[in-house]
Amino acid sequence: MILVMAGTSDARELALQIQQAGYPLLTTVVTDSAARFMEEAGLPVMKGRLTAEALSALIREKGIRALVDATHPFAEEASKNAIAAAQASEVPYIRYERDRISIENHPLITFADDYEQAAELAAAKGGVVMLTTGSKTLHIFAKRLLGLPGTTLVARMLPRLDNMEKCAELGVEQKNIIAMQGPFSKELNKALYAHYQVTLMITKESGKVGAVDEKLESALEMGIETIVIGRPAVDYGTSFGHFDDVLTKLNELLQEA
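If you read the sequence shown in my numbering, its first letter stands for residue 4, the second for the next number, and so on.
Among the clues, some could well be false.
Stated by the list, open to error - Dumping the calculated DSSO-like pairs for lysine-lysine here, alpha-carbon to alpha-carbon at most 27 Å:
1) LYS65 x LYS50
2) LYS146 x LYS65
3) LYS50 x LYS189
4) LYS50 x LYS83
5) LYS178 x LYS146
6) LYS83 x LYS65
7) LYS189 x LYS178
8) LYS65 x LYS128
9) LYS139 x LYS65
10) LYS139 x LYS169
11) LYS169 x LYS146
12) LYS178 x LYS193
13) LYS146 x LYS128
14) LYS128 x LYS50
15) LYS83 x LYS169
16) LYS128 x LYS83
17) LYS146 x LYS50
Everything labelled a hint here was simulated from the structure, so no lab data went into it.
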């Protein structure tokens, strides 16, 4: 059996291709919506955050022969847990990493190494800041930007109850919350920027599947400054950016076993 750590649309497609190649598999996701997304495609799924120890136990329990990590490019902790579990359990680890988009130097784009640096850069710029990086790191930006003179924080995130509760706890005003499920077209991005009179947009370099190009293109066409947060530096080892390469490696590894 193959364990596929999933949750995104491209991870689901990869899991389907692995299943169609004849391999029994189990997918793991974190949220209810991601679990439904997998189930709708006929993929077996297990929901919940898994530590390295829990992953190791799952590998033993299910007789996992290989672990495919197709988590989001910014799911750094999940990937590190997967690497540790695979090493401890002595099973092959394969990383599927969606391709990066090509971002050329542009006078309106500033690059940040991490969330903290992005928050500092945003605080220095001020204005109406639209945060499109989700709720997980909202506290970093709320702490630095809320209450700052001449600065308004607009947070765009999934329409989940826990996200709304987090906004309330941090002091993000309801009028400055955009609770919507993507993907977002260029037209919708532009409409939101215009409605909130955004002067600065913050995004992650998630790749084309993450609709970063639409967000960037929309902002740049409207003359809006953008801060792009780079992907975390993780030593994945065996890593591929295309499904065919993942399947080829699986075939190679499992035929040898």
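Going through the hints against the structure:
1. The straight-line distance between the Cα atoms of LYS65 and LYS50 is roughly 15 Å, inside the 27 Å bound, and the hint therefore holds.
2. Only pairs whose Cα atoms come within 27 Å are accepted, and LYS146 paired with LYS65 is rejected, the gap being roughly 43 Å.
3. Among the hinted pairs, LYS50 with LYS189 is inconsistent with the structure: their alpha-carbon atoms are about 32 Å apart, more than 27 Å.
4. The suggested pairing of LYS50 with LYS83 holds, with an alpha-carbon distance near 18 Å, which does not exceed 27 Å.
5. Between LYS178 and LYS146 the CA atoms are separated by roughly 18 Å; this keeps the pair inside 27 Å, and the hint holds.
6. Taken as a hint, the LYS83 and LYS65 pair is honoured in the structure, with Cα atoms around 21 Å apart against an allowance of 27 Å.
7. Between LYS189 and LYS178, the direct Cα distance comes to roughly 22 Å. Compliance with the 27 Å bound is thereby established for this hinted pair.
8. The straight-line distance between the Cα atoms of LYS65 and LYS128 is roughly 51 Å, outside the 27 Å bound, and the hint therefore fails.
9. Of the supplied pair hints, the one linking LYS139 and LYS65 is violated, its CA atoms being roughly 30 Å apart against a limit of 27 Å.
10. Between LYS139 and LYS169, the direct Cα distance comes to roughly 9 Å. Compliance with the 27 Å bound is thereby established for this hinted pair.
11. For the hint pairing LYS169 with LYS146, the CA-to-CA distance comes to about 13 Å; that is within 27 Å, so the pair holds.
12. Under the criterion of a C-alpha separation no larger than 27 Å, the hint pairing LYS178 with LYS193 is consistent with the structure, at around 18 Å.
13. Restraint check for LYS146 and LYS128: satisfied, since their Cα atoms lie roughly 16 Å apart, inside the 27 Å limit.
14. Among the hinted pairs, LYS128 with LYS50 is inconsistent with the structure: their alpha-carbon atoms are about 40 Å apart, more than 27 Å.
15. Restraint check: the Cα-Cα separation between LYS83 and LYS169 comes to about 26 Å, which is no more than 27 Å; the hinted pair holds.
16. With a C-alpha separation of about 34 Å, the suggested pair LYS128 and LYS83 falls outside the 27 Å cut-off, and the hint is violated.
17. Taking the CA atoms of LYS146 and LYS50, the gap is about 31 Å. The hint is violated against a cut of 27 Å.
Of the numbered hints listed earlier, those contradicted by the structure are 2, 3, 8, 9, 14, 16 and 17.
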